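Let chain L serve as the given structure and place chains C, X, P, D, W, F and H on it in line with the hints.
From first to last, the protein sequence lines stand for chains L, C, X, P, D, W, F and H.
Residue numbering for the first sequence follows the numbering used here, starting at 1 and increasing by one per position.
Residue numbering for the second sequence follows the numbering used here, starting at 1001 and increasing by one per position.
Residue numbering for the third sequence follows the numbering used here, starting at 2001 and increasing by one per position.
Residue numbering for the fourth sequence follows the numbering used here, starting at 3001 and increasing by one per position.
Residue numbering for the fifth sequence follows the numbering used here, starting at 4001 and increasing by one per position.
Residue numbering for the sixth sequence follows the numbering used here, starting at 5001 and increasing by one per position.
Residue numbering for the seventh sequence follows the numbering used here, starting at 6001 and increasing by one per position.
Residue numbering for the eighth sequence follows the numbering used here, starting at 7001 and increasing by one per position.
I should point out that these hints are in silico values taken from the structure, not numbers from a laboratory.
Because the structure is a prediction, the values reported are computed rather than measured.
In this text, a Cβ means the ideal position worked out from N, Cα and C, and glycines have one as well.
There's no promise every hint is true.
What the hints assert, rightly or not - With the C-beta cut set under 7 Å, the calculated list includes, among others, these residues of chain X facing chain L:
id	residue
1	K2020
2	A2023
3	Q2024
4	N2192
5	I2193
6	D2194
To be verified - If you anchor each label on the Cβ, the simulated ranges turn out as follows:
id	chain 1	residue 1	chain 2	residue 2	range
7	C	Q1024	F	S6018	50 to 58 Å
8	C	P1064	X	K2131	36 to 44 Å
9	D	G4036	P	E3129	47 to 55 Å
10	X	E2031	F	E6026	52 to 60 Å
Number of protein chains: 8
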Amino acid sequence: MDWDRQARTGVAEGVLCSGKSAAQIEAIVAEARAKGSRLLLTRLAPDAFAALASKTRKALDHDPVSRTAVLGGPMPLAESGIGIVAAGTSDAPVAREAERTLAFAGHASTMITDVGVAGLWRLMERQDELKRFRIVIAVAGMEGALFSVLAGLVPAPVIAVPTSVGYGVAAGGTVALNAALASCAPGITVVNIDNGFGAATAAIKMLAIGSRE
Amino acid sequence: MDWDRQARTGVAEGVLCSGKSAAQIEAIVAEARAKGSRLLLTRLAPDAFAALASKTRKALDHDPVSRTAVLGGPMPLAESGIGIVAAGTSDAPVAREAERTLAFAGHASTMITDVGVAGLWRLMERQDELKRFRIVIAVAGMEGALFSVLAGLVPAPVIAVPTSVGYGVAAGGTVALNAALASCAPGITVVNIDNGFGAATAAIKMLAIGSRE
Amino acid sequence: MDWDRQARTGVAEGVLCSGKSAAQIEAIVAEARAKGSRLLLTRLAPDAFAALASKTRKALDHDPVSRTAVLGGPMPLAESGIGIVAAGTSDAPVAREAERTLAFAGHASTMITDVGVAGLWRLMERQDELKRFRIVIAVAGMEGALFSVLAGLVPAPVIAVPTSVGYGVAAGGTVALNAALASCAPGITVVNIDNGFGAATAAIKMLAIGSRE
Amino acid sequence: MDWDRQARTGVAEGVLCSGKSAAQIEAIVAEARAKGSRLLLTRLAPDAFAALASKTRKALDHDPVSRTAVLGGPMPLAESGIGIVAAGTSDAPVAREAERTLAFAGHASTMITDVGVAGLWRLMERQDELKRFRIVIAVAGMEGALFSVLAGLVPAPVIAVPTSVGYGVAAGGTVALNAALASCAPGITVVNIDNGFGAATAAIKMLAIGSRE
Amino acid sequence: MDWDRQARTGVAEGVLCSGKSAAQIEAIVAEARAKGSRLLLTRLAPDAFAALASKTRKALDHDPVSRTAVLGGPMPLAESGIGIVAAGTSDAPVAREAERTLAFAGHASTMITDVGVAGLWRLMERQDELKRFRIVIAVAGMEGALFSVLAGLVPAPVIAVPTSVGYGVAAGGTVALNAALASCAPGITVVNIDNGFGAATAAIKMLAIGSRE
Amino acid sequence: MDWDRQARTGVAEGVLCSGKSAAQIEAIVAEARAKGSRLLLTRLAPDAFAALASKTRKALDHDPVSRTAVLGGPMPLAESGIGIVAAGTSDAPVAREAERTLAFAGHASTMITDVGVAGLWRLMERQDELKRFRIVIAVAGMEGALFSVLAGLVPAPVIAVPTSVGYGVAAGGTVALNAALASCAPGITVVNIDNGFGAATAAIKMLAIGSRE
Amino acid sequence: MDWDRQARTGVAEGVLCSGKSAAQIEAIVAEARAKGSRLLLTRLAPDAFAALASKTRKALDHDPVSRTAVLGGPMPLAESGIGIVAAGTSDAPVAREAERTLAFAGHASTMITDVGVAGLWRLMERQDELKRFRIVIAVAGMEGALFSVLAGLVPAPVIAVPTSVGYGVAAGGTVALNAALASCAPGITVVNIDNGFGAATAAIKMLAIGSRE
Amino acid sequence: MDWDRQARTGVAEGVLCSGKSAAQIEAIVAEARAKGSRLLLTRLAPDAFAALASKTRKALDHDPVSRTAVLGGPMPLAESGIGIVAAGTSDAPVAREAERTLAFAGHASTMITDVGVAGLWRLMERQDELKRFRIVIAVAGMEGALFSVLAGLVPAPVIAVPTSVGYGVAAGGTVALNAALASCAPGITVVNIDNGFGAATAAIKMLAIGSRE
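Just chain L, same shape as in the assembly (with noise of 0.2 Å):
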């Protein structure tokens, strides 16, 4: 591990466990308690926590819906500013990875679901709202059209993650990646089909911005 990751860099490492046996899994929860660092796991699947040590699941808050865990209990949370922003019920597992994430570093965010372009007049009753916060975490599968409808609603940047929902052209959720990086609307960037922790790591250095000279 990583472990001056936050000093360097001003984000924790997460362990992303997709890849890993429960052994590895096992070994770095025991060298975090051993330092005392505070750790975030992703994508540790319910049954892949199943497989862990009764020991190791105690130390561990786990959410089954993000499929996250976090070592060290919680942090004092901290307004934000940050919203995320779902387009349908399916992607609530990437969205609140996002939030998980953001949460670890103490950076408390608003989560809006159920916002799909299909149903324009949700995204619009809901605009003061939107318009308000300073950065924007969009999460959509499908064509992912949320992205470029935002972006032309709201000031603040936003970062489209595209969610692997869909079947057809759009199952993997290549089409909604391709769709935010073609959008023609302003300032939004992208990152990897299904990555709410990296989504929110680089929300969490856009914060840190105006704290730099």
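Only chains C, X, P, D, W, F and H this time, still in chain L's reference frame:
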């Protein structure tokens, strides 16, 4: 040429000129003139048109923007209730190909341009007009968000025509095409990239639904 | 849920169940029941249906072949003039999703199956019947040659639904999809792979064209 | 050059000129003349032909449509029973490359053009003729539906030659290629896009099957 | 089922079982038995076979390696002169599907396995045998170099069957497929990935060339 | 044109000239002049610029390297703390498009070039300077390794701009794009290939985060 | 099996088990035992190993992490000067496949792990050690930036092994593969995704260069 | 320019000219002359060379076939034992780029051309010569079967250079690239499409293995 297609399927065959030599195009025009048939030529770029014999050129009404030409003079136009909605200035050639194809069959249509979703209010301001169309032909490149937004707003069926306008991931029109296919909004059907002719032909067939029992 | 979509766009929203948890589906069904709304659920596979609470299951009319379920009882059906034409036995689930979506909205349709073009005379024998349809929903996987053959035969608009049936280059349905988009035949429009629901929804909007001025 | 290929495999090597300089082509022609060998050159576009030395040009029978050239004069032709069936006018160069390759080896063939499936009756009218061929070389671009329809009609093996004719998703010929490979109809085998030479060469090998024990 | 395909095109239809339910397969078998027709079923995996009714299973001669089953007992076999040449052990299921399809139609064939080009002398040692075949069905996955090497050696037409054996870039069989299509060697034609049935069907049609005038 | 975008979203709309005719560009410039608006034109290649009327050309400050033009004179520049870091000489046009877009909005930036990771010490030597930037716009083609290395070094958010520089697998910029999206390093967000304008626009929105509550 | 490959090409053939049945693997092992040959089996996953007969299992030294097994006992190891450098924990199986393949041929190697470029100083701290290797086998997934950074640092040839570790655009390993191929750094050559065996085999051949004249 | 790369990694940096302007190339050449450094320029096409100042052109030894130029005169050549083996005439530019890169570093090599596998005996006749090389650089486009055949024959490591020669599925060189990566033969490593320079650079590093301890 399939001279009986009009009788059999309700729409005349168009002559796709992009893969044909000047000699082949002239032969088809001559055959049509001999039969007294009207004819629509598509993808006849200005330099391909210029390469035709003077006699042939004079017989044709050529429009360089849409790269279409008509043999046999204009039809009297009747209002069709079809709206052609284009996202940007660069989508004009494809939108106009649809308009010219409709006019060739005697259908007047309404063109609305520059209503891309990055400036959503431009679309919202014209909502009432959009909702009155019987069929909407939507033309957009880049990320193709217009398709979903429109189909969520209007009761008419939406025929999406993705265009090859764009660069990077959007080059060639595949992103707009997939966005149309993956759209969560109801009632969108899709034609090939840049196929304004095909969209218009499908619209003409749809207009005839009411007259069939 | 977009409970007003029916009023706004003429078709009700369907609930795509494939990305949703049992809890999420139950909440939506409960909300619909509380409102007295009818509801169509799609992509509700037999095991996902079985995972719902007994009370919810009893309220739903579930069809395992099409993986659809209806809340609120059947509508009285009126003949729509829509023909659903499927190339092979394996395309039945998608064809039936279209049929059930039409029935949910009160439209009776006619299903014709096993008319793939490798045995062209099966299609030719039924020409007269095919030519009487007001709209044709064509369902085919593999190489999708049915779309072109049908659209060259019938005067009605053809909505092509490519299916994911196939192996090798045809796996996933992309070949059938592209064949539909690239077809030389007039009047074909296309929906996403396996999207029987979308084809039916578009057909319902097309039926209404005649009633609008 | 593989001067013994004819003896070893039953077919002569062709010289693919598209990647070669004028000097390289002239050297090969000179070597053939020195050996008294006949030679078939393919993909020799008109401007590449024009760039050859006058002496070389005079020795060659160049056909600009198929971009082929023959050194050594025509062979006496014997009827082969091979039919070359092309979907559209734009497929003519590839169909003619096959025809010229067959003629180079002494095989007369029959060319049938403009029988795309969007006008199915054109194909049906010639059914009896089509059924008499011993081998069918089918040439089509766009969605390639011709391959399946033909193979369902005729008893002969069908060699599919997809062409690069098309635009949007069909650009480059991949859709027609995949349609041929994915076809449900029996007895289709496939060669590379635009490879009329390869189809003819395979047909020549097939003709020899009967003469081998 | 297309019960007359044998008469019309010279080869019987196979039943592709991979997309069909047990009920659908049983219905087809029952229909064939009622008609007294023989039947070849392909892609009938062991567990799908086991899911059939006992009565149906007893009527079928099932081969788990090739996943084929035959209804109606074996045909007397006559030597066809067809060689089936497979690159590696893992290609056996596809090679055997071809062998069983030929046998279903009464054609004995010769199988040669484990002659991948990485050990070229294995192939060279059997040159004389290979050169005597009237038709070669070549079966290979990974990089598919066998196709080119064989077609450069033998006078017979080579039908290439790429297999989905492989990993990394070769996963799914696309590399072997494209290698077959791109081959510089003469007389190769290609069928879909893993389509041993299609290769055999094409070979049967080729055998009949000599008997047609 | 979306003349109010500045007010609504904080950044002015740019005019993407690559898909527009000279007449269309002149009309937009004329409209801007009539309104007294400043204007940024992008993708205005030297020959497209040369095709404009003399009067229009004189009104524009055109930069051939970045293919940008500015109407309305330069803004007074204030230091923004934005660093533009480019891997190689060939990435200069895109890097300069970003620089010019920032300058159009009054932001001075610092350009660092030729720091590709194949010569890592060039980057390491400038570490201290790199760590002081508030935002880093990283521009790289080929394999895009610069994005990960930079984001592991600096505390600022990194906006990755993949470029279309490269050949073979890297042609078109997709490898660099995917490398940016797949990066393990924290805080990278990505824009479309060659989209220096979009990166700068996003950076301007990020600068404003600190000033919003 | 190609029992003479060692003599002919200097490296023994490995048995790729992923596409083979237990019976096929047992037959190969039995043949090797009968010949007294040593044997390396790759892609022998734990459950495939468990499915072998007890007698076979006992004869094999199976390593579950690398999924390799050795028949014939360990070779005495001599230092080869080959370094295996892996970016992350998840790349261990592939790195270890390379290490085991080297050891099977008698070559000791040095493994260095967890030196991904997001934490560049981990790599820089070990520069001197890295520069002493005669050959470097670099193993990395995701964006594959390690390949370029390493090849810019060390004088040894670098064999890049991209791994299938990753998600979203990086799923399957294609991004890392293309990054290796597109690298600007000198002296990188590349093997297939996850092909630790192939990298080790190539390294063994490279070691022999010095001993040949 | 990375003037110290030679010292650090053992090979000098090449100047890839394809993305650079004449002014940029001249500046680099001038800098090299000022330093008294030798320089290798690649991808310097004849027209790009012609666009350079006369003074610059005179200082360079330009080879139009390989599109390379050398500043600083030829090195005395010593036999390296490297064989460059090219499948066809069209692969000559890439093969020669490798040869010139080796010569720039003082290494004489042996070129063998026109040994494609469709005429296998051409390769077999030269087996003894091929087996004596210390390193083989194999250059092939189309289906790339040469890579596997060579690597199965010779004890030397094989560096595969796929070329962009080909049409249809082989256009751009991806088929040859993937064939090299997927090869079953031992000891192949691969470089980017058309990257003769990279193959030579890797070979130079491999030659040095023996001299390092």
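Structure-based check of each hint:
1. K2020: 6 Å, holds
2. A2023: 10 Å, violated
3. Q2024: 5 Å, holds
4. N2192: For N2192/X, the interface hint holds, since the closest Cβ of chain L sits about 4 Å away, which is under 7 Å.
5. I2193: 3 Å, holds
6. D2194: 6 Å, holds
7. Q1024/C to S6018/F: 50 to 58 Å: 53 Å, holds
8. P1064/C to K2131/X: 36 to 44 Å: 39 Å, holds
9. G4036/D to E3129/P: 47 to 55 Å: 34 Å, violated
10. E2031/X to E6026/F: 52 to 60 Å: 59 Å, holds
Checked against the numbered hints above, the structure violates hints 2, 9; every other hint is satisfied.
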